[in-house]
Amino acid sequence: MRHLEQELKALRQDIIDMWKLVISQVSTAGDAILTFDKDLAVQVSMREKKVDAYELKIDNDCENIIALNQPVAVDLRFVLAVLKINSNLERIADFAYGISRLVINHPTLILDAELAVNANLSQMIEMVKTMLSQGLEALENENSSIATSIFNEDGQVDNYNNEAAKIIAEYIQTYPDRAYACLQFISVFRKLERIGDHCSNMAEEIFFYLDAKVLKHSPKQ
Amino acid sequence: MLTIDAKNVDFYYSEFHALKNISLEVEQNKVVAFIGPSGCGKSTFLRLMNRMNDLIDGTRMTGSLLVEGEDIYAPNVRVDELRKKVGMVFQKPNPFPKSIFENIAYGLRVNGIKDNSFIEQRVVESLKSAALWDEVKDKLKKSAFALSGGQQQRLCIARALAISPKVVLMDEPASALDPISTAKIEELIYELKKDYTIIIVTHNMQQASRVSDKTAYFYLGELVEFDDTTRIFTNPQKLSTQNYITGRFG
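From first to last, the protein sequence lines are chains E and H. Under my numbering, the first residue of the first sequence is numbered 413, with each subsequent residue one higher. Under my numbering, the first residue of the second sequence is numbered 284, with each subsequent residue one higher.
Heads up, some of the hints might be wrong.
Straight-line alpha carbon distances no greater than 25 Å define the calculated BS3-like cross-link-like pairs of lysine-lysine that follow [stated by the list, open to error]: (1) H/K521 / E/K625; (2) H/K420 / H/K467; (3) H/K497 / E/K625; (4) E/K462 / E/K578; (5) H/K420 / H/K375; (6) H/K476 / H/K425; (7) H/K521 / E/K421.
These are computed hints drawn from the structure, not numbers from a lab.
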């Protein structure tokens, strides 16, 4: 195997490993907020540095590959896509960390379990986890068609977020004394919505890498 | 009008079919890079454009090759006139064993120009165009062999420019040069395309991507892909092109 191919293979493995770690972070942060389990939230918090370390390493490796090997065509598209996926994964991990900090910083914050059910929190968490897994699968199998459904799911995540905002607003009107807890709660939905956006961005990068198509700022259907 | 218009060109070295049905159009003031593995036919095709292959016994060409609308293989074409229009720079600098000044004046004198003030003017213009004037203006009477390899190559480019060609063919013009001299040649190519159409054969992928507007990939005597350089180096349409430019070839 040529030197450049070895470098690209190592880069690919790193971004896959980072992706798996970020899926785990989102999953654990989701469980933490659904159960208000502080131990789970601490796990996410402790692993955040590992995600940051991946980001720095992958950034550095991409820079070195471009500077030293001048990749072209599919190799160039792969390195550029990895650079952007790397940033998106790091942001997703930041949101997972943000959710976990909410659980850690407000251990006595009691949310109405019925409100979480009505606002579809559990479904929204499952949806973004699915999107993340599909993106990883598309990259691992080099199959952009797997990534196609992510764009639709991003729309559904947006709908969940909008619906949750309405439900929580009504809840605050009914229970004004719980407004502070509700504002914290609504930020979780906002973070999940942003995770969905980043999943969509990563799907665009997979299309760019595999099919040389630029889908940014264009209808995805 | 197209500067180069090749249609269905086949070329043979005796029985060997070196070029197979090549059709390619080159617009004015463009830089076109020919790339491909050794023996793919890119230099052969380049040399067809000023009939350098005529000197090789047993060669044969079919199809048509037009330079500025003129069929350069028509029976009445004078090869010396063609080469005024289509200059060439080779892989190794090949200055004449003459002074720097005479290297450039020579082509003008051979073409019958006797007006010394005009010759002097063209020598200066050509050296300036080849980005060599500042380095040699005080030693025009010195031997061309006293120049460095990179300077000698730029002198050869100046010599080609002196007779005001329309097309400049370059066959790996920087492959024997150090990185500084190579960068100067590449900068020069970029400047020269304002006034000339340039076709360059190179084995250096980065050089092709840096200097050319369009790139032609040849393999086994066939033109596999010819497209904008940005497209060839980001999203080639043929797997064979991708394998070659990414180094996975063979």
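Hint check results:
no.	hint	in the structure
1	H/K521 / E/K625	holds (16 Å)
2	H/K420 / H/K467	holds (18 Å)
3	H/K497 / E/K625	holds (21 Å)
4	E/K462 / E/K578	violated (36 Å)
5	H/K420 / H/K375	holds (23 Å)
6	H/K476 / H/K425	violated (30 Å)
7	H/K521 / E/K421	holds (23 Å)
Of the numbered hints stated above, those contradicted by the structure are hints 4, 6, listed in ascending order.
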